[in-house]
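*Asks:* Residue-level listing of the chains:
There are 2 protein chains.
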Amino acid sequence: MKILKRICHSNVGTGGKREVLSPCWEKSGEKGTEKMSGKDYYIGTAKIYVAVDCIIFGFAEAELHLLLVKRMIEPAKGEWSLMGGFVQEEESADEAARRVLKELTGLDKVYMEQVKAYTAVERDPGARVISIAYYALMNIRDNDTALIQAHHACWVKMKDVPPLIFDHADMVCQARELLKRKAATEPVGFQLLPKMFTLTQLQQLYEAVYGEVLDKRNFRKKVAEMGFVEKTGRVDKKTSKRGAALYRFNARAYQKAPKFSIIANHIAHHS
Amino acid sequence: MKILKRICHSNVGTGGKREVLSPCWEKSGEKGTEKMSGKDYYIGTAKIYVAVDCIIFGFAEAELHLLLVKRMIEPAKGEWSLMGGFVQEEESADEAARRVLKELTGLDKVYMEQVKAYTAVERDPGARVISIAYYALMNIRDNDTALIQAHHACWVKMKDVPPLIFDHADMVCQARELLKRKAATEPVGFQLLPKMFTLTQLQQLYEAVYGEVLDKRNFRKKVAEMGFVEKTGRVDKKTSKRGAALYRFNARAYQKAPKFSIIANHIAHHS
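Chains G and L, in that order, are what the protein sequence lines are. For the first sequence, counting from 1, position 145 maps to 144 in numbering that gives the first Met the number 0; every step adds exactly one. For the second sequence, counting from 1, position 92 maps to 91 in numbering that gives the first Met the number 0; every step adds exactly one.
Incorrect hints may have been included.
Repeated chains share a single entry, so a pair holds when one copy, or any two copies, can fit it.
Unchecked claim - Using 25 angstroms as the maximum straight-line C-alpha spacing, the simulated SDA-like pairs for lysine to any residue come out as follows:
1) K258 x Y205
2) K221 x R247
3) K181 x Q87
4) K181 x P257
5) K230 x F218
6) K38 x L204
7) K181 x G210
8) K108 x D39
9) K38 x A126
10) K220 x I42
11) K258 x E176
12) K76 x D39
13) K255 x G125
14) K69 x G43
15) K38 x I164
16) K194 x F227
17) K101 x T44
18) K76 x Y110
19) K76 x A45
20) K69 x I42
21) K38 x P74
22) K158 x S260
23) K76 x T44
Hints were generated in silico from the structure; no laboratory data involved.
Build the full structure now, drawing on both the sequences and the hints.
*Replies:* Given below as structure tokens:
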């Protein structure tokens with residue numbers, strides 16, 4: 000009856016959304032409950048290569064960046080590509096995406112979300128491969144420069160992204176739209192910033208995500224309304240002599256009152 | 000350079016969203032551009048069974064319904080399940096989902112959207128299978144009763160959905176949330192109604208989708224503001240002696256001014 004409850008649960012508006020949807024995104028596709036029988040009931044059915052590709056967003060110099068690699072295998076060896084890999088028999092696609100990301104950046108606690116599966120028969124000229132795309136958000140300073148160089152990877156500004164192999168440009172395009180939606184309703188943007196940030200950085204981040212200039216007074220008013228963006232007492236002297244106050248995202252405070260509306264109007268207006 | 004343009008394009012707010020996102024959802028994962036080389040560059044990599052499962056929503060008696068089937072193969076034969084099937088070598092998952100839906104309902108022009116891929120290693124006790132879930136919206140009257148019966152399928156009210164096999168309840172839960180988001184920003188709700196409908200039916204539909212009672216005056220005011228929900232001049236006598244005016248969704252009028260806000264506030268408030 001647990002199942003029934005969960006579905007009915009998702010009927011009850013905000014509460015349902017918060018309690019059912021969020022857990023869904025995190026949990027689903029992760030741990031199976033039954034033990035594998037080891038038996039194959041589907042012998043004779045076609046099997047297909049399954050890959051993951053990671054759209055890794057970073058934020059620096061007031062601009063969104065994408066982490067790209069030069070593909071190291073044929074076909075399309077040497078061309079610009081998203082970081083990807085094949086899903087192994089004993090891992091979920093979520094686990095495969097985390098493995099790939101860790102291999103590339105050395106980080107394992109990165110915000111990731113599945114975009115969707117790309118399944119066109121001829122999307123990969125190397126063979127029939129379906130690819131499950133994930134987008135990740137990271138603070139560029141957090142990642143391991145040596146590892147990234149070893150993978151011939153580099154951070155590219157969104158506006159300078161070169162032509163990418165296969166359907167990777169579609170993946171980036173859709174990941175970008177998901178990021179816009181997510182950033183409007185949940186405080187994922189902080190994943191792209193250092194632990195401590197100035198309000199200017201925070202505004203630049205949202206301006207980069209939405210590709211639009213936001214009104215400074217209105218933006219700061221909204222931030223002030225949110226109890227979970229708090230002053231640290233420290234000051235950033237890099238940007239100006241007088242310095243700018245450094246803020247931090249208080250996840251615990253957010254959990255107590257998970258109401259995020261930094262640009263909800265903006266999005267409602269877009270809808 | 001086309002690729003670059005598309006990505007940059009997606010920076011420009013609404014315009015970009017409409018022009019880039021919508022085409023993305025439709026086109027991506029559909030037709031490949033390059034011809035398959037026939038060669039397999041990835042020999043030695045694990046292959047995995049790939050399935051599709053369809054969350055088929057219908058609307059009747061003022062309630063959202065789900066089309067479920069009694070599973071006809073082992074394991075879990077005879078248990079309640081979403082309608083699904085395996086992706087064949089020469090079809091995309093989108094094509095597989097349409098094929099499955101047509102086999103079940105006889106319909107091929109149904110609104111469908113991918114939910115996501117479910118990839119937990121042990122999600123299916125029959126073997127390692129990843130499943131790509133799709134949700135479909137249909138007018139219950141449109142479908143082929145004989146076919147549905149032949150598949151031991153039936154329409155079940157959301158609140159009466161029985162326990163489902165594997166992770167199908169998660170699929171339903173997430174599809175429901177996607178439907179809520181989509182229905183707030185695009186006129187997909189009309190897919191669930193007959194060609195001609197009363198304003199009461201339209202309101203009941205949105206109340207069913209959101210599991211909330213909407214204010215009648217406010218709802219009708221919003222509908223009136225939208226140029227693309229138009230009076231047909233016909234009257235529905237079923238519900239009352241006096242009868243209720245029948246309306247229709249004018250897709251062409253919507254395309255001219257694609258601004259849909261029947262419950263945008265409602266959603267902004269939820270965000």
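*Asks:* If a hint holds in the structure, say so; if it doesn't, say that too.
*Replies:* Results of checking the hints against the structure:
1. Taking the shortest Cα distances, K258 and Y205 sit within 25 angstroms of each other both inside one copy (17 angstroms) and across copies (24 angstroms).
2. Only within a single protomer do K221 and R247 lie at most 25 angstroms apart by alpha-carbon distance; the minimum there is 15 angstroms, versus 40 angstroms between protomers.
3. In this assembly of identical chains, K181 and Q87 lie within 25 angstroms of each other by CA distance neither inside one copy nor across copies; the values are 29 angstroms within and 33 angstroms between.
4. In the homo-oligomer, the alpha carbons of K181 and P257 lie at most 25 angstroms apart both inside one protomer (14 angstroms) and across protomers (22 angstroms), since each shortest distance falls under that limit.
5. With identical chains, the CA atoms of K230 and F218 are at most 25 angstroms apart within one copy only, with a shortest distance of 16 angstroms there and 42 angstroms across copies.
6. In this homomeric assembly, K38 and L204 never come within 25 angstroms of each other (Cα to Cα): the closest approach is 50 angstroms inside a single copy and 44 angstroms across copies.
7. In this assembly of identical chains, the alpha carbons of K181 and G210 lie at most 25 angstroms apart whether taken from the same copy (15 angstroms) or from different copies (22 angstroms).
8. Proximity of K108 to D39 under the C-alpha cut-off of 25 angstroms is found in neither arrangement, the shortest distances being 34 angstroms within a copy and 34 angstroms between copies.
9. Proximity of K38 to A126 under the C-alpha cut-off of 25 angstroms is restricted to the inter-copy arrangement: shortest distance 7 angstroms between copies versus 27 angstroms within a copy.
10. Taking the shortest alpha-carbon separations for K220 and I42, neither the intra-copy value of 61 angstroms nor the inter-copy value of 57 angstroms comes in at or below 25 angstroms.
11. In this homomeric assembly, K258 and E176 come within 25 angstroms of each other (Cα to Cα) both inside a single copy, at 21 angstroms, and across copies, at 18 angstroms.
12. Only between protomers do K76 and D39 lie at most 25 angstroms apart by alpha-carbon distance; the minimum there is 15 angstroms, versus 36 angstroms within a single protomer.
13. Proximity of K255 to G125 under the C-alpha cut-off of 25 angstroms is found in neither arrangement, the shortest distances being 49 angstroms within a copy and 42 angstroms between copies.
14. Taking the shortest alpha-carbon separations for K69 and G43, only the inter-copy value of 22 angstroms comes in at or below 25 angstroms, while the best intra-copy value is 37 angstroms.
15. For the identical chains of this complex, K38 and I164 are inter-copy neighbours only, at 18 angstroms across copies versus 38 angstroms inside a copy, given an alpha-carbon limit of 25 angstroms.
16. For a Cα distance limit of 25 angstroms, the shortest separation of K194 from F227 inside one copy, 13 angstroms, qualifies, whereas the shortest one across copies, 48 angstroms, does not.
17. For the identical chains of this complex, K101 and T44 are inter-copy neighbours only, at 20 angstroms across copies versus 33 angstroms inside a copy, given an alpha-carbon limit of 25 angstroms.
18. Proximity of K76 and Y110 under a CA criterion of 25 angstroms is satisfied in neither setting, with 29 angstroms inside one chain copy and 38 angstroms between copies.
19. In the homo-oligomer, the alpha carbons of K76 and A45 lie at most 25 angstroms apart only across protomers (21 angstroms), although the nearest pairing inside one protomer, at 28 angstroms, exceeds that limit.
20. For the identical chains of this complex, K69 and I42 are inter-copy neighbours only, at 21 angstroms across copies versus 37 angstroms inside a copy, given an alpha-carbon limit of 25 angstroms.
21. Taking CA atoms no more than 25 angstroms apart as the test, K38 paired with P74 passes between copies only; the shortest distance there is 10 angstroms, against 35 angstroms inside one copy.
22. In the homo-oligomer, the alpha carbons of K158 and S260 never lie at most 25 angstroms apart, since the shortest distance is 27 angstroms inside one protomer and 31 angstroms across protomers.
23. Taking the shortest alpha-carbon separations for K76 and T44, only the inter-copy value of 18 angstroms comes in at or below 25 angstroms, while the best intra-copy value is 31 angstroms.
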